[in-house]
Amino acid sequence: MKTIIRWKLRLLLIFLSFTAFGCATIHPWDRDLLAEKKMSLNPSPMVRAVDNHIYFSKEGSTGGDDIGGGGCGCN
Amino acid sequence: MQLDSSTQSSSIRQKLSRTALALALLEVPATAHADSGPTTQFDITTLFYGEQSRTDIFEPMVRVSRLFPDGQSLYAQFGLDVVTGASPSGALPSGEIQTTTGSSGRILTIPAGAIPMMNFQDQRFGFDGDWHKSLSRFFTSDIGGHFSRERDYQSLGINGKMSVDLFRRLTTLTFGGGYNHDSVFPTGGTPAGLSDGTIISNQGNPKQVKNFMIGISQVLSRKWLFGFDFSRTFENGYLTEPYKVISIVDPVTGIPVSQLTDKRPDARDRTSLLFSSAYHLSRDVVYLYYRHYWDTWKLQSDTFDFKYRHELGSENGTYLEPHIRYYHQTPAEFFTVGLVEGDPLPEFATADTRLGLLKTMTLGTTLGFHIFDNPSLWTIRAEYIRQIGDSYPVNAVGIQQTFDLSPPLNTFAVVVGYSFNF
Numbered sequence: 039m040k041t042i043i044r045w046k047l048r049l050l051l052i053f054l055s056f057t058a059f060g061c062a063t064i065h066p067w068d069r070d071l072l073a074e075k076k077m078s079l080n081p082s083p084m085v086r087a088v089d090n091h092i093y094f095s096k097e098g099s100t101g102g103d104d105i106g107g108g109g110c111g112c113n
Numbered sequence: 160m161q162l163d164s165s166t167q168s169s170s171i172r173q174k175l176s177r178t179a180l181a182l183a184l185l186e187v188p189a190t191a192h193a194d195s196g197p198t199t200q201f202d203i204t205t206l207f208y209g210e211q212s213r214t215d216i217f218e219p220m221v222r223v224s225r226l227f228p229d230g231q232s233l234y235a236q237f238g239l240d241v242v243t244g245a246s247p248s249g250a251l252p253s254g255e256i257q258t259t260t261g262s263s264g265r266i267l268t269i270p271a272g273a274i275p276m277m278n279f280q281d282q283r284f285g286f287d288g289d290w291h292k293s294l295s296r297f298f299t300s301d302i303g304g305h306f307s308r309e310r311d312y313q314s315l316g317i318n319g320k321m322s323v324d325l326f327r328r329l330t331t332l333t334f335g336g337g338y339n340h341d342s343v344f345p346t347g348g349t350p351a352g353l354s355d356g357t358i359i360s361n362q363g364n365p366k367q368v369k370n371f372m373i374g375i376s377q378v379l380s381r382k383w384l385f386g387f388d389f390s391r392t393f394e395n396g397y398l399t400e401p402y403k404v405i406s407i408v409d410p411v412t413g414i415p416v417s418q419l420t421d422k423r424p425d426a427r428d429r430t431s432l433l434f435s436s437a438y439h440l441s442r443d444v445v446y447l448y449y450r451h452y453w454d455t456w457k458l459q460s461d462t463f464d465f466k467y468r469h470e471l472g473s474e475n476g477t478y479l480e481p482h483i484r485y486y487h488q489t490p491a492e493f494f495t496v497g498l499v500e501g502d503p504l505p506e507f508a509t510a511d512t513r514l515g516l517l518k519t520m521t522l523g524t525t526l527g528f529h530i531f532d533n534p535s536l537w538t539i540r541a542e543y544i545r546q547i548g549d550s551y552p553v554n555a556v557g558i559q560q561t562f563d564l565s566p567p568l569n570t571f572a573v574v575v576g577y578s579f580n581f
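Note that the protein sequences, when read in sequence, are chains A and B.
What the first sequence shows, in my numbering, is residues 39 to 113, in sequence order.
What the second sequence shows, in my numbering, is residues 160 to 581, in sequence order.
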């Protein structure tokens, strides 16, 4: 139970840190670089899918970056 | 302080120019194709994967995206896996030279310390669909489905995700969940766990997977995007690997005397924290990922992933992207290299090295380019993957101490991709 509370507190702290950054001002004219397709946390979803499939079949852990996707008898 | 008028107008011009560029990029494809209606994008990738003396995989995938002027989009992805080769059975080396006849009829000699392998081949096809829709100015939703089938496994799943933009679109919160109903039906029936393999059930083995995630992505500056995802996965049902075995060895000599089937718990809760970052260096982009993972089988892992997208030449979209990945995992609590004759049987046991102590290192690079002035993008990625396990575990008995029980595995993977609009 203590572990769960500790994790909830950590998550809350991370969330508050992010919202603090949210106070920064970035004007529309400052978003030219951010708007580029390569400026994404997952710029190549298909490559990510291929990677996830490889590592899912070769390692003991998986997931973390998205939901869904298929099960596989390879692990 | 007064600004010089020419400096001021230049600054305004720069801002207007950047705003126009940002808006143009942000609205693609909605505005760009507003007059011409929906567009269709095709992404085709093919994976060629080869492990040294083990498994080969050929995996073509096609993703079709229909992009509508109102921002709505539909995706459909089809994939085929053709897998052939061999993988470790889980058994320990016998200590004797063995001969076996390969599929081509050739006589193969297996050295005394070689890890016993089992040959297999399989084909898998999969379909994924997704519908992305803006619900309002700030809310977007995704609904998806999945189906895949192979000779001894079937997976059927649905998932949904909702995102909301906050704080002048600097923050995006995402919530999602998914459910998979899978079935395992091993070739030759399902052997009872920790048995000699003669007790077989012909019933299907269901497996349910529930998945929840919450994510936040944050614009930290004009050049920096940061993300954090927390996800939990609950698996219930048949989680055992039906073809793997565990050797029982003589307590003194370490020579295998018999073997039992693999048996794992029927529940596994996985938790992961993922930190991601994309930093724009005016032309190049640096991507960093770190994932910390743990589950109720007491397996923990850390993954570091680094990519550097280096733009080549002028603004024609040609780039080179080196990639480094490092992965480390601790063993599951019921992992063992083998069981000792005469010792009481544990409740669960596996000798599957994917649940043992493991490190994976990946080195690779991607080249993205256009042929002449054609907007279609080609990508070629080549990667070298090396896996290292616990070669000489401390609990190995007798002659097993002299064998490399988890020899390094070298893998080469090439992915060729082609994207075009129609």
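Keep in mind that the hints are not guaranteed to be accurate.
Said to hold, decoys possible - Which bits of chain B does chain A cover? Going by a derived footprint, with three or more residues having C-beta under 8 Å, they are:
#1 203-213
#2 336-350
#3 419-432
#4 485-499
Stated by the list, open to error - Once the Cα atoms are required to be at most 30 Å apart in a straight line, the calculated DSS-like pairs of lysine-lysine come out as:
#5 B:Lys366 x A:Lys96
#6 B:Lys369 x B:Lys292
#7 A:Lys75 x B:Lys457
#8 B:Lys366 x B:Lys466
#9 A:Lys96 x B:Lys292
#10 B:Lys518 x A:Lys96
#11 B:Lys382 x B:Lys457
No wet-lab data here; the hints were simulated from the structure.
Beta carbons: idealized from backbone N, C-alpha and C, even for Gly.
- Query: Which hints, by number, does the structure contradict?
  - Reply: Violated: hints 7, 8, 9, 11.
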